[in-house]
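Protein chains: 2
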Amino acid sequence: MIDTVAAWRKALDAERAAGRNVGLVPTMGALHAGHASLVAAAARDCEVVGVTVFVNPLQFGAHEDLDAYPRTLDADVALAEANGAGYVFAPSVTEMYPGPVKTTVAVADITTRWEGAHRPGHFDGVGTVVTKLLSQAGPCRAYFGEKDYQQLAIVRRLVTDLSIAAEIVGCPIVRETDGLALSSRNVRLTPEEREVAPALHRALLAGAAAFESGSGPEDVERAMGEVLSAQPLLEVDYAVARDPFTLDLPASDPRELRLLVAARLGSVRLIDNLGVVAQPLVATS
Amino acid sequence: MIDTVAAWRKALDAERAAGRNVGLVPTMGALHAGHASLVAAAARDCEVVGVTVFVNPLQFGAHEDLDAYPRTLDADVALAEANGAGYVFAPSVTEMYPGPVKTTVAVADITTRWEGAHRPGHFDGVGTVVTKLLSQAGPCRAYFGEKDYQQLAIVRRLVTDLSIAAEIVGCPIVRETDGLALSSRNVRLTPEEREVAPALHRALLAGAAAFESGSGPEDVERAMGEVLSAQPLLEVDYAVARDPFTLDLPASDPRELRLLVAARLGSVRLIDNLGVVAQPLVATS
Numbered sequence: 001m002i003d004t005v006a007a008w009r010k011a012l013d014a015e016r017a018a019g020r021n022v023g024l025v026p027t028m029g030a031l032h033a034g035h036a037s038l039v040a041a042a043a044r045d046c047e048v049v050g051v052t053v054f055v056n057p058l059q060f061g062a063h064e065d066l067d068a069y070p071r072t073l074d075a076d077v078a079l080a081e082a083n084g085a086g087y088v089f090a091p092s093v094t095e096m097y098p099g100p101v102k103t104t105v106a107v108a109d110i111t112t113r114w115e116g117a118h119r120p121g122h123f124d125g126v127g128t129v130v131t132k133l134l135s136q137a138g139p140c141r142a143y144f145g146e147k148d149y150q151q152l153a154i155v156r157r158l159v160t161d162l163s164i165a166a167e168i169v170g171c172p173i174v175r176e177t178d179g180l181a182l183s184s185r186n187v188r189l190t191p192e193e194r195e196v197a198p199a200l201h202r203a204l205l206a207g208a209a210a211f212e213s214g215s216g217p218e219d220v221e222r223a224m225g226e227v228l229s230a231q232p233l234l235e236v237d238y239a240v241a242r243d244p245f246t247l248d249l250p251a252s253d254p255r256e257l258r259l260l261v262a263a264r265l266g267s268v269r270l271i272d273n274l275g276v277v278a279q280p281l282v283a284t285s
Numbered sequence: 001m002i003d004t005v006a007a008w009r010k011a012l013d014a015e016r017a018a019g020r021n022v023g024l025v026p027t028m029g030a031l032h033a034g035h036a037s038l039v040a041a042a043a044r045d046c047e048v049v050g051v052t053v054f055v056n057p058l059q060f061g062a063h064e065d066l067d068a069y070p071r072t073l074d075a076d077v078a079l080a081e082a083n084g085a086g087y088v089f090a091p092s093v094t095e096m097y098p099g100p101v102k103t104t105v106a107v108a109d110i111t112t113r114w115e116g117a118h119r120p121g122h123f124d125g126v127g128t129v130v131t132k133l134l135s136q137a138g139p140c141r142a143y144f145g146e147k148d149y150q151q152l153a154i155v156r157r158l159v160t161d162l163s164i165a166a167e168i169v170g171c172p173i174v175r176e177t178d179g180l181a182l183s184s185r186n187v188r189l190t191p192e193e194r195e196v197a198p199a200l201h202r203a204l205l206a207g208a209a210a211f212e213s214g215s216g217p218e219d220v221e222r223a224m225g226e227v228l229s230a231q232p233l234l235e236v237d238y239a240v241a242r243d244p245f246t247l248d249l250p251a252s253d254p255r256e257l258r259l260l261v262a263a264r265l266g267s268v269r270l271i272d273n274l275g276v277v278a279q280p281l282v283a284t285s
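Same order as they appear, the protein sequences are chains A and B.
Residue numbering for the first sequence follows our numbering, starting at 1 and increasing by one per position.
Residue numbering for the second sequence follows our numbering, starting at 1 and increasing by one per position.
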């Protein structure tokens with residue numbers, strides 16, 4: 001386990017100098033099977049894999065409980081190594097931010113909606129720390145889960161806009177057998193809520209089916225909404241069909257859409273998403 | 001001359017792979033003896049030097065005449081090579097920004113004062129393009145003139161905050177024999193204004209003398225102000241004594257100050273600055 005930026009940079013520079021491609025998996029720790037799939041994907045593609053574990057204070061709001069975020073470093077290191085990671089970089093907050101941070105990497109438009117509206121300033125913190133983690137790691141392929149699809153779109157955007165030498169790879173959502181997307185929050189669901197939770201995935205599938213049978217984005221959204229509103233315990237935040245790259249409103253006759261949903265279930269907020277492509281009519285992830 | 005990001009990155013990666021240190025001199029072209037001194041400094045320190053020439057639209061305001069900014073690429077290439085540059089990278093605007101730019105690298109506090117107040121949004125454009133140019137170039141020493149001292153402080157700050165693999169080197173201001181700092185704007189001064197212009201440098205020297213004789217920051221600023229106000233043609237914008245790193249108000253008994261002045265002279269806005277260090281009582285740059 002590496003805990004200084006200097007040692008981390010030196011280790012990855014040495015790997016590249018030896019001709020090995022570097023795969024990077026940035027995480028906030030508390031690793032579960034979803035993260036394991038990112039590490040495993042990186043290990044399939046790259047000759048050496050580094051996992052970063054850093055709970056980034058910049059992306060927590062004043063009312064969010066940064067201190068309560070789970071820290072399970074020993075288990076994280078074990079899971080990372082078991083899935084093919086050669087290095088784990090777990091810096092302290094002081095190592096990452098020795099003084100007050102004055103610089104912000106902000107992405108316009110895409111950051112203010114949905115999860116950004118729910119957590120003001122959150123994506124500025126994400127953009128800043130991802131830029132910093134990619135600068136520290138140097139040229140690499142960096143693996144992010146499609147579960148946080150809006151975050152993935154923001155990371156792709158800033159990497160393009162700033163010409164950062166990283167190839168961003170989005171990895172499919174890992175699901176329970178009943179379709180519920182893996183999340184560390186799922187353990188906080190009551191048994192009754194846990195029964196209801198797969199409705200998010202069913203709503204996405206209903207939207208995908210509507211798209212595949214020729215419906216436009218508005219009807220796709222309506223199909224998702226109908227599945228969600230049939231569940232009285234679910235408080236829907238959004239259920240939208242968007243352009244998969246910009247997350248803007250889709251073109252009038254889109255060939256591809258990303259369907260995104262968020263809903264509150266008791267004390268837990270759940271998100272999920274699904275990609276749909278017209279002809280040859282397959283759903284991705 | 002290289003005009004694509006891919007070729008530029010490949011060239012500098014190959015130089016580093018061959019064990020050579022890369023020196024980078026980012027410019028907006030229209031190179032003069034001040035820029036030549038940056039290239040020469042880079043060539044003294046580094047085994048290979050790359051000069052970038054890019055007039056960055058992001059750092060021009062809506063009312064500023066981007067199109068009128070001088071373009072002298074052939075002369076720039078000749079000057080760069082004559083001073084030791086091995087490469088000149090001069091991308092088109094389309095090559096740098098193939099689509100609309102959504103990402104902004106903003107530095108708080110330091111960007112809003114003085115030159116930032118004079119040109120709102122300017123330093124966000126500078127921060128964004130410098131981050132992008134450093135990402136494209138990869139690990140290097142990057143040379144910036146102290147003439148734009150506030151810009152230099154902003155670049156130092158964002159490189160630290162984002163862990164960018166570049167060492168930022170500030171280079172001394174190049175002056176005419178009468179002390180006037182070199183600037184492409186100087187040619188726009190009338191003969192009468194040209195006579196008055198060295199008052200900025202004299203004001204800095206008066207501030208330095210006051211500091212060396214034991215005055216505090218306020219008296220240093222007063223000493224500068226007296227020299228400037230003796231010139232009726234000068235319309236003073238600011239004359240301040242600040243901490244050299246943060247550009248915040250200095251500590252109560254500072255060992256080091258940066259003196260910064262700006263004034264309008266006819267149609268031309270002039271800026272200048274000087275570093276002063278207490279004991280052993282020498283003025284730098």
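The hints are simulated quantities; they were obtained by calculation from the structure and are not laboratory data.
Worth double-checking, as some hints may not be accurate.
Which copy? The list can't say, so a pair holds if one copy fits it or any two copies do.
Claimed, not checked - Result set (EDC-like, lysine to aspartate or glutamate): computed pairs, CA atoms no more than 20 Å apart in a straight line: (1) LYS102 <-> GLU167; (2) LYS10 <-> ASP67; (3) LYS102 <-> GLU218; (4) LYS10 <-> ASP109; (5) LYS102 <-> ASP124; (6) LYS10 <-> GLU64; (7) LYS10 <-> ASP124; (8) LYS10 <-> GLU95.
- Check each numbered hint against the structure and report the violated ones by number, ascending. Hint check: 2, 3, 4, 6, 7 fail, others pass.
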